[in-house]
Amino acid sequence: MNLAKIKTGVYVCHCGTNIAATVDVGAVAEFARGLDGVVLARDYTYMCSDPGQDLIKQDIKEHGLNRVVVASCSPLMHELTFRRACSDGGLNPFFVQMANIREHCSWVVDDRQDATTKAKGLVAAAIQRVHYHQPLDMRQVQMTPTALVVGGGIAGIEAALKLADSGKHVYLVERESSIGGHMAQLYKTFPTLDCSA
Amino acid sequence: MVSVGRHPNIELLACSEIESISGYVGNYQVRVRRKPRYVDESKCTGCGNCATVCPVEVSNEFDRGLSTRKAAYRFSAQAVPGAFAIDKKGIAPCRAACPTDQRAMGYVALVRQKRYADAYWAIRREHPFPSVCGRVCNRNCEAACSRGKVDEPVNIMGIKRFVADWAYQHRDELPNLRDKSIVGTPFQHKPQPTGKRVAVIGAGPAGLTAALDLVRLGHAVKVFDAQPVAGGMIRVGIPPHRLPYEMLDWEVQQILDEGVELQLNTWIDDIPGLKKRGYDSVLIATGAHVAKKVDIPGKDHPGNWLSLPFLKQVCLGTPPDLSGKRVAVIGGGNVALDCARSAVRIGASECRMIFRKPKGEMTGFEWEVEIAEEEGVTMCGATMFKEIIVENDKVVGVKCVRTEYHGYDAKGRILIDELPGTEHILPADLVIWATGQGCDLSFLPGDGSVKQAKAGIDSNNDMMTSAPGIFVAGDVHRGSTFYVVDAIGEGHHAARCMDRYLRGAQGIPEPRLPPVVELTESEVRASIAHGEASIAGRVPIHTIPLEERYHNFREVDLTLTEEEALLEADRCVRCGVCAECLECVAACDRGAIDHNMQESVEEFTVGTIILATGFKDFDAARIPALNYGKCDNILSAPEFERLINASGPTSGKILLKNGKPPKSVAILHCVGSRDEKFNEYCSRACCMYSLKLSQLVHEYVGAEVHEIYRDMRSFGKGYEEFYNRTAQMGVHFYHGRVRSIEQYKKTLRVAWDESFHGQPDHVDVDMVILATGFEPQADAGAVAVQFGISRSRNGFFHERHPKLAPVETTSEGIYLAGACQAPKDIPDSVAQAGGAAAAALSLMDQGTIALDPSIAVVDIQRCAGCGQCKEACPYQAIELEKRTAKVNAYLCKGCGTCAGTCQSKAITLIHFDDRTLVAEMIGALSVEYPAEAT
Numbered sequence: 000m001n002l003a004k005i006k007t008g009v010y011v012c013h014c015g016t017n018i019a020a021t022v023d024v025g026a027v028a029e030f031a032r033g034l035d036g037v038v039l040a041r042d043y044t045y046m047c048s049d050p051g052q053d054l055i056k057q058d059i060k061e062h063g064l065n066r067v068v069v070a071s072c073s074p075l076m077h078e079l080t081f082r083r084a085c086s087d088g089g090l091n092p093f094f095v096q097m098a099n100i101r102e103h104c105s106w107v108v109d110d111r112q113d114a115t116t117k118a119k120g121l122v123a124a125a126i127q128r129v130h131y132h133q134p135l136d137m138r139q140v141q142m143t144p145t146a147l148v149v150g151g152g153i154a155g156i157e158a159a160l161k162l163a164d165s166g167k168h169v170y171l172v173e174r175e176s177s178i179g180g181h182m183a184q185l186y187k188t189f190p191t192l193d194c195s196a
Numbered sequence: 000m001v002s003v004g005r006h007p008n009i010e011l012l013a014c015s016e017i018e019s020i021s022g023y024v025g026n027y028q029v030r031v032r033r034k035p036r037y038v039d040e041s042k043c044t045g046c047g048n049c050a051t052v053c054p055v056e057v058s059n060e061f062d063r064g065l066s067t068r069k070a071a072y073r074f075s076a077q078a079v080p081g082a083f084a085i086d087k088k089g090i091a092p093c094r095a096a097c098p099t100d101q102r103a104m105g106y107v108a109l110v111r112q113k114r115y116a117d118a119y120w121a122i123r124r125e126h127p128f129p130s131v132c133g134r135v136c137n138r139n140c141e142a143a144c145s146r147g148k149v150d151e152p153v154n155i156m157g158i159k160r161f162v163a164d165w166a167y168q169h170r171d172e173l174p175n176l177r178d179k180s181i182v183g184t185p186f187q188h189k190p191q192p193t194g195k196r197v198a199v200i201g202a203g204p205a206g207l208t209a210a211l212d213l214v215r216l217g218h219a220v221k222v223f224d225a226q227p228v229a230g231g232m233i234r235v236g237i238p239p240h241r242l243p244y245e246m247l248d249w250e251v252q253q254i255l256d257e258g259v260e261l262q263l264n265t266w267i268d269d270i271p272g273l274k275k276r277g278y279d280s281v282l283i284a285t286g287a288h289v290a291k292k293v294d295i296p297g298k299d300h301p302g303n304w305l306s307l308p309f310l311k312q313v314c315l316g317t318p319p320d321l322s323g324k325r326v327a328v329i330g331g332g333n334v335a336l337d338c339a340r341s342a343v344r345i346g347a348s349e350c351r352m353i354f355r356k357p358k359g360e361m362t363g364f365e366w367e368v369e370i371a372e373e374e375g376v377t378m379c380g381a382t383m384f385k386e387i388i389v390e391n392d393k394v395v396g397v398k399c400v401r402t403e404y405h406g407y408d409a410k411g412r413i414l415i416d417e418l419p420g421t422e423h424i425l426p427a428d429l430v431i432w433a434t435g436q437g438c439d440l441s442f443l444p445g446d447g448s449v450k451q452a453k454a455g456i457d458s459n460n461d462m463m464t465s466a467p468g469i470f471v472a473g474d475v476h477r478g479s480t481f482y483v484v485d486a487i488g489e490g491h492h493a494a495r496c497m498d499r500y501l502r503g504a505q506g507i508p509e510p511r512l513p514p515v516v517e518l519t520e521s522e523v524r525a526s527i528a529h530g531e532a533s534i535a536g537r538v539p540i541h542t543i544p545l546e547e548r549y550h551n552f553r554e555v556d557l558t559l560t561e562e563e564a565l566l567e568a569d570r571c572v573r574c575g576v577c578a579e580c581l582e583c584v585a586a587c588d589r590g591a592i593d594h595n596m597q598e599s600v601e602e603f604t605v606g607t608i609i610l611a612t613g614f615k616d617f618d619a620a621r622i623p624a625l626n627y628g629k630c631d632n633i634l635s636a637p638e639f640e641r642l643i644n645a646s647g648p649t650s651g652k653i654l655l656k657n658g659k660p661p662k663s664v665a666i667l668h669c670v671g672s673r674d675e676k677f678n679e680y681c682s683r684a685c686c687m688y689s690l691k692l693s694q695l696v697h698e699y700v701g702a703e704v705h706e707i708y709r710d711m712r713s714f715g716k717g718y719e720e721f722y723n724r725t726a727q728m729g730v731h732f733y734h735g736r737v738r739s740i741e742q743y744k745k746t747l748r749v750a751w752d753e754s755f756h757g758q759p760d761h762v763d764v765d766m767v768i769l770a771t772g773f774e775p776q777a778d779a780g781a782v783a784v785q786f787g788i789s790r791s792r793n794g795f796f797h798e799r800h801p802k803l804a805p806v807e808t809t810s811e812g813i814y815l816a817g818a819c820q821a822p823k824d825i826p827d828s829v830a831q832a833g834g835a836a837a838a839a840l841s842l843m844d845q846g847t848i849a850l851d852p853s854i855a856v857v858d859i860q861r862c863a864g865c866g867q868c869k870e871a872c873p874y875q876a877i878e879l880e881k882r883t884a885k886v887n888a889y890l891c892k893g894c895g896t897c898a899g900t901c902q903s904k905a906i907t908l909i910h911f912d913d914r915t916l917v918a919e920m921i922g923a924l925s926v927e928y929p930a931e932a933t
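Chains A and B are the protein sequences, given in the same order.
Residue 181 in numbering that gives the first Met the number 0 sits at position 182 of the first sequence; the count goes up by one each step and never skips.
Residue 750 in numbering that gives the first Met the number 0 sits at position 751 of the second sequence; the count goes up by one each step and never skips.
Treat each hint with caution, since some may be false.
Said to hold, decoys possible - Restricting the straight-line Cα-Cα distance to at most 20 Å, the calculated cross-link-like pairs of lysine-lysine (PhoX-like) are:
#1 Lys652(B) / Lys187(A)
#2 Lys274(B) / Lys221(B)
#3 Lys716(B) / Lys187(A)
#4 Lys6(A) / Lys60(A)
#5 Lys869(B) / Lys904(B)
Don't read these hints as lab results, they were simulated from the structure.
Bear in mind that the values here come from a model prediction, so they are computed numbers and not experimental data.
Isolated chain A (complex conformation) (with noise of 0.2 Å):
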C-alpha cells in the first residue's frame, strides 16, 4: 500500500440538524484533514441532495481523488446514491465507505462533545479501511421471469393476478386444497359491504 498515492475526500454531512446539532460537524471535518492520506475534507448540509453528491463529483475531477468517504447516515439508506456518484465522476463505486454518524452516533449519543469524538473515531475507521479498498464489479446474474407466490389468500391471489397479467408465468402454492384463505369465508366486507368470494 503506498499511502503516497493515496487521495482520499471527506465529506461530512449534516443531515439538516439531525448530525450537526448533536455533531460539530465543523470540527470532524478539521479532524480528518489531518489524516494521512486525505486530501480534502468538507461538511455540507444535505450529502444526499444533488449538489452534495456533485461536491464528490467535481472533487474527484479536479483533486484526482482516489478514494470517497461520507460520513452521513446508514449505509442502508444511501450506501447506492454515493456509490452511483462517484461511479458517475469517474471512481470505481467500491472506493467509496460511509461512516454512519446518524444512527450509530448523533441519534444515540446525548454530549455533543461525545458525539463529535465518536464521530472522529468513526470517521477515522472509514478512512484507514477504504485505504485498502480494491476496484469491484458487480456480479451480474441472469433473471428467471417466473415468479413463485405462497399462500392463496387474497393477498397471494392479488399478487399472482398482477403477475400473470403481465405475462409472467407464477406458481401459485396453497396449503388447503383451495385457494381463498380467510377471504372465501367471509361474507359481506367493509366499507361497502359487498360479497367477498
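Since the structure of chain A is already known, use the hints to place chain B on it.
Only chain B this time, still in chain A's reference frame:
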C-alpha cells in the same frame, strides 16, 4: 378466485407446501411437496358423488366447526380448484396391522351408517372369508387400535362378524343390495381374459384367496384339494363350536361364482404333469396337516391320538364318543384348546391340558382359555410331560414334572427348567397330542426341483419356489400352522407375484402404502371429546349359557346385535379420517379417485418470491374469563362470519343454540389484541369488521347491538363515515375493557372496567361476538428460516424498512404481501399485494440483476480441504472440488461465516480481510473517548 383457476399464466399447486428454497435472487430453486389429493384434478367434474357415498363425517373447518363435512369433500362451494379432495392422513393402524390389508376402518364407518351391505362388500374386497375372521381371528387390528390407548380397542372382530352374519341372513337379496351407494352390484366388471391358466393345489384360505385374486385379474384358475370339503384347515381343523360351516360354505360358493373352478377329493402328486396339461403356473398351498408328537415313552400306544385327525372327525360331523373318558391334551396352543373343548362336548368326564409354559404365557388365546376352563377343562401349566403310562395295555396317565419358565434366549430357544422332586401322575385314559403341526411334502417331485426349506417349501421374495412358475403360499410355505389372516395375506401376495410372472411388466405391482397414522393418547382423547367417537366402553361378546354347550357343537359366541354393533362402530376414532371403504371409487363415474396416490415433489426455478402466508385467529379460549367454548352463544367473529354467511351452516340464519334468533347481541373489541398478556399490538381490522357485523346483525336480525370498545380505530378512507353510519343505526357504543362474560339467568352478562362516566359497566345479552385479533401463523418461524427472512418481535415477517422498503425483505427478490407481515384489513392486503407484485415485476423485467461483489474468496494454497466451511455455509454456496473449497459466486451472500470457521485462514471476504478490518479498528481507536463511554 375464479380468475386464478382460469389464468393461463398461473400454475396453481393446491394441497402443497414448500419443502425447500435454494439458489439466489433471479434463480431460486423451489421444491414443493404436493400432498396427495387422492382425486385427479384433471378428471374430477365436481359432481360430488364421492361425498354422497362417503361414510365419514368430520368437523368442517371451513365453517369453523359449526357444521360437518365428509372425508371426501370440497373446501367450499366456490373452491378453486373445484375438484374434490379426500382427507386422508394416512392408513389406519388397524389396516397396517392386518396381513390381509383389510381396511377395517372402512367397514366400521359403513356400519356406523347402517350400510351393512356396503360394509360386506367393503370387507370382501380384500377378504373372502368374513365369517371366519369375524370369529377366529388373532385380531392384530385390535392390538393396534388407537382406541386401546384410552380404554379398550374397538371390537373390530365383533363388528366384522355382525356384518358377515347380516350378509348371510340377507344372502338372497344381497347381490342387488348397495344401500346408499349409486353403483350396481360389486365385482361386476368382467376382466379381460389373459388366456393364462393357473392350477392351485389346496383349497384353504391361502389357495382360495390367491385363486379369487387371479380370477379377478383375468386368469383361468382351477383349485384342487384332497379333502372332500373346501376350506382347508378352517374347514377341517376349527371345530363347529367356534366356526359354523354353512356361512363358510356360502363364502366358498361366492368365490366359485366369481369364476374359480374347484375339484375336491383329488390328491395332486405330479406337479410337472400339471404344466404339461397346459397350466402356465402352479400355486402350492397345501397347508400343514400333519400333527406331531414329542418323543417320550409310551407315545406309540394306540391310546395316543393326534390332534388333527381327531379335529377332522369332529369337523366333518363324525366325532368319536368319549363318554366317561379322562382326556389329557398335550399342548398349550389354540389347536390344543380346540381339542380340549371338543372333548368336553363329546362326553369326556375329565379333560386336562398339559403344557410346559405357565398358564399366562401359553400360546392359546387368553379369552379362549377362560372359556375352556369355564367349560370344565383343567389347565395344567408349567408342567413337563415325561411319559405316557401304560398299564395292562391301557393308557392310565401322564407322568409329569413341574417346570420353571425363563423366557427365550437370544437364539429364540425356550428356557425351561424341570424342578426335581415334583414328579406326579395326571390320570388319563386317552392322550391327544397337540404339540405342533408340520407339512406332508410327499407330493413334491422326487427330483428335488422344488426345494424344501428347514420347514415347509423354500421360495424367493416373490413367493416362487426353486422351480420356475411354481409358487407357494400359506402354512406349507412357513412349515407350520399360522393364523387365517396370515394365509390370506400370503394368498394375496402370491397372486400378485404370479400375475407379474404371467404378464410381465403389465402385472400388478406390490402396493406402495401411504404412511401409517399414529395418534397419541391425547389425540384419541381429543377426538372422543369432540364427539367424533362415542365415549362408551367396549361392547363384549356374549356367549350361550354353559349348560347348552354339552353333547352338541353349537356355536358358543353370539353375534353382536344391531344396537351393539352400532354402539361399537361409534367408538372408532377414525385415525386416518378417510376410512378407505373405497365407496367413492365405485361412485366416481370418471375414475378420478386413486387411493394409492403418493406424495410427490415438484421442482422449478423462479426469479422472485412473494410470501402471502397470512395469519391465524387469536384463540379466545386462552382468556378464561370470557368463558368462550364453555357457555353457549359466545362466538368468535370468524365463527359468526360463517353463521351469517348465506352458504354457511344455517344458510345465513342467525340463531341461538335453542334455535331462536337473538334479541340482543354484544360485540367485544380487542380480544387478544392490545393486551400485554397476549399481544401488545393492535390488530387493526377488528374495529371495522365489528362495525360491519353490527350493521349486519341490525339489518338481518333486528336485534339490539352493543359494542364494547377500547378505542374506535376507523382510520381508513371512508371508515369514519362507516362508523358514523353504524352509530346512526342505533347501535350502542360503550367504552370499556371487558372483564368477564358469565351466564346470568337465561342471558350472558358482559361486564367491563374503564367505563366512561355515566355509562353502564355491564350488559345482559343473548349472544356475544368476540372480535378476535390476528396472530402470526403457527409455523411462521419455520417459514422465516426456510426463506432466510427475519421476523418482528411479535412474530410477523419483517419488512426491510418500514417506510422505504415496506414489501421487500432482507433477502433479495423475496417480497411480503398481506397479513403475514402485520395485521391488515382487506384493502391494505390488496394494496400491499399490488406493491409486492410491482416490486417483483420491476426486478424481473430488468432481465439481469447486479449483486454486491463483497463475497468470500479461497486462497487455494492455504486451503486444507477440510470442508468445515461447506458445513458452516448457510447458503450452500461452498463445494469441495479436488479437495479444495470453491465458492459459488452467485450463491454467496458475503455473510462471512465460512471465513470465521476456516482454521487455516484460507477464506477471506472481499473488503473484510484482516488487513482492512485491523486498519478500520486502528482508525476507530485513534481518538480518545471519554472514560465512561469505553
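Restraint status (C-alpha distance of Lys6(A) to Lys60(A) at most 20 Å) = holds, 12 Å
Between Lys716(B) and Lys187(A), is the straight-line Cα distance small enough, at 20 Å or below?
-> Holds, at roughly 18 Å.
Proposed proximity, Lys221(B) with Lys274(B) (alpha carbon, max 20 Å) | Holds - the C-alpha atoms of Lys221(B) and Lys274(B) are around 13 Å apart, at most 20 Å.
Proposed proximity, Lys904(B) with Lys869(B) (alpha carbon, max 20 Å) = Roughly 14 Å between the alpha carbons, so the hint for Lys869(B) and Lys904(B) holds.
Can the restraint linking Lys652(B) and Lys187(A) be considered satisfied, given a maximum Cα separation of 20 Å?
-> The given pair, whose Cα atoms are some 15 Å apart, holds under the 20 Å limit.
Violation of the numbered hints given earlier is absent; every hint is satisfied by the structure.
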